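Q: Chain by chain, the residues:
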Amino acid sequence: MVAKDTSRPASTGDAAKPRSARSRHATSEADNPSSLFVRFGADKPLRLDSGSELHELQIAYQTYGELNADRSNAVLVCHALTGDQHVASVNPVTDKPGWWSDMVGSGKPIDTNRYFVICSNVVGGCMGTTGPASTNPATDRVYGLELPVITVRDMVRAQAMLIDHLGIDQLFCVAGGSLGGMQVLQWASAYPERVFAALPIATGARHSSQNIAFHEVGRQAVMADPDWRGGRYFDFGVSPRKGLAVARMAAHITYLSDEALHRKFGRNLQDRDKPTFGFDADFQIESYLRHQGIVFVERFDANSYLYLTRAMDYFDLAADHGGRLANAFLGTKSRFCVVSFTSDWLFPTSENKAVVRALNAAGASVSFVEIETDRGHDAFLLDEPEMFATIRGFLSAAAEARGLR
Amino acid sequence: MNAHPIAVAPATNRVDLVAISQLVTPGSRVLDIGCGDGQLLKLLEATRQVDGRGIEISQKGVNDSVARGLSVVQGDADSDLVDYPDGGFDFVILSQTLQATHRPRVVIEEMLRIGRKAIVSIPNFGNWRVRAALTFRGRMPVTEELPYSWYDTPNIHFCTIRDFALLCREVGARMETALVLSQDGKRSIPLRSLWFWNLFAEQAVFVLTR
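Top line first, the protein sequences correspond to chains E and R.
Residue numbers for the first sequence follow this note's numbering, beginning at 1 and rising by one.
Residue numbers for the second sequence follow this note's numbering, beginning at 406 and rising by one.
This is chain R alone, in the form it adopts within the complex:
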């Protein structure tokens, strides 16, 4: 995680948050890792009546969350998940944060230890625009969605949808659902078409189980 936990589109049009909230069972216990100012937790409390908790690295994010009445702990996805007991939550959510962690694999494993299900949303580095930037301009991509230059980006571990699917296989996670997102909405995709969406999706959301 990073002081800029949301390294993609501005918070106001985070379509992934709405998509994620719809994947959460009403009344469940939820841990949101990298919860920022608590926007998703607030949405989940309002629409899904969850018992929500958050972890956030920035003091401002924690303060804003606490001021909104949320239970949020200042902490780091890379080091502090170990403090949580096995199976303490129904859902553990990591939205647009995996790419900013130091040890993404460990984070995914910890999520599946702590939660019955893990929900992970990622920006897709396999998107054709990203590929085009690298192929034709010979430059690391800087887009509206990925606005940082390579030398100051908090995003140190980008992956493509297919890379992520491989990681899931390696850690023994079962991919239950996959969604792809663009600014005009979301769509649920069959898991066998991941290679196709690896080229066209800008963001993707996955539900994982052990």
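Extracted from the complex, chain E is given alone in its bound form:
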């Protein structure tokens, strides 16, 4: 394998060096990530479900903790739709703590004193792994829509290349929520012998019609923005910020719950005593959503949003296995722990339970917990003590079974 690695050493501490990068735009991260990265040679193309190949694939990743001598303590964390490899270290674009700092770190449920944690940016992303914002080595210009459509299977195949590159045969655990959970299921199905334990959270074995519908609204919002320019906005020095912000606003609603919105915002007015009889953000919830949209476009590539939502839409693990989900896991020796949340209506408990049912039917070792919370789908990213307790217990027991100290 002709793989060129970066000279930067793997970060081992709680937080990678914070970069003075508030002003850095995500697109510069696309080609020159401030994390570790590996670029595969032309002899190692990534074969895609669409039938085409990605040449000179680049994968950007972060690691935390130390790989043990047996190479048996690696945990692969798979990020969600708009996540990235900076799972537990300061994000170079936003300067904010990693997106799963509550879960991953020293003494945390995924304990970096015990496990070697790897998180890579997915293919199609915009934080250093090959995606639509990356430069196409064949043309020396930004891919844009010239990048073939990416699937969850493609993402996982790329991660397997990274894991090979790191010299790891079997992952102790693959963990993730939402799109990350889909990747976990794909890993467990495609490489059962490489996954000792699997931790899919707030996810499903397919994207529901309603979820595809929400994604389509988001994509249409991006593409309706005149600044999208048929996907070649970077050639014009513009970006479909309004469209992407609207997409994020719509999506953000699906990550919360009616109850949580009511608790947080109710019908409260924003910095005013009475409605203005106009279309300003009178209500706090409007102001909040606008803010979510604005901060999102600062860090995310619009085309990448199209590709990653598409990847989720295409995911249907049962369809890949003759229409029977249990067939995806037949004979698996991996141990599973599935976690869902009561107020998650994007990946409701029923979708998670369909996975549990299939695992049971396949005779797999599976645990399942539904966590009581009003915080909706986003609960998996938040401080949820019951989730932490479950995951801590599951991993400790698995570590004992795997003979990890």
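Keep in mind that the hints were calculated from the coordinates and are not lab data.
Values in this document were obtained by computation on a predicted structure and should not be read as measured data.
Mixed in with the good hints, there may be bad ones.
What the hints assert, rightly or not - Each computed DSS-like pair below joins lysine-lysine, with the alpha-carbon atoms no more than 30 angstroms apart: (1) R:Lys465 <-> E:Lys108; (2) E:Lys274 <-> E:Lys96; (3) R:Lys447 <-> R:Lys465; (4) R:Lys447 <-> R:Lys591; (5) E:Lys242 <-> E:Lys264; (6) E:Lys274 <-> E:Lys242; (7) E:Lys242 <-> E:Lys96; (8) R:Lys447 <-> E:Lys333; (9) R:Lys465 <-> E:Lys333; (10) R:Lys591 <-> E:Lys108; (11) E:Lys274 <-> E:Lys108; (12) R:Lys465 <-> E:Lys264; (13) E:Lys264 <-> E:Lys274; (14) E:Lys108 <-> E:Lys264; (15) E:Lys108 <-> E:Lys96.
Stated by the list, open to error - Label pairs and their calculated CB-CB ranges: (16) E:Asp95 <-> R:Gly432: 54 to 64 angstroms; (17) E:Leu330 <-> R:Gly432: 14 to 24 angstroms; (18) E:Asp258 <-> R:Phe605: 52 to 62 angstroms; (19) R:Val547 <-> E:Arg263: 38 to 48 angstroms.
For glycine and all other residues, C-beta sits at the position ideal for the given N, C-alpha and C.
Chain E is already provided as a structure; the job is to place chain R on it using the hints.
A: Frame of chain E, contents of chain R only:
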């Protein structure tokens, strides 16, 4: 099942758990329905080297079980057994939980579909103390073993040993073994003496086959 899955004696002196564990063939595949914090599964793993799975309705029970390294799914005996394939287990166990299910008959039928054998333990409502409470005090019995008042009990479907035997006949289950339990131990009883033990046993354990 209920958030209080064990509606009888405290977990520490569950003589029925030891009795049940001795009925399980070493190395078999076991499903424990209403497994609580995983006490029985843990005992079975230690003494019978089983490949064990559990279903438990309370989040705390599931968390405790998962933390002990057990494979336990949060679920309900009344609705979730349908998810399990035919004959997936050698033993399906329901200890002190039948009386808390909404549809005991369906639960027993499902157990016999999923498992080669079903092990069911029940508190015996035909016990003379229970009868005495009703007869002489005219009150629903509240004892050390059945500590709930009628209005807050999770136990909605009590039966006697003879009632249970009748249910087994109705669903076409064959009763292979019967044990009666009291605090000082267990004894195996001949099936034809069920009417006698219906008066004296506090708890009973049955092994059923299709």
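Q: Identify every previously stated hint that the structure contradicts and give their numbers, smallest first.
A: 2, 10, 11
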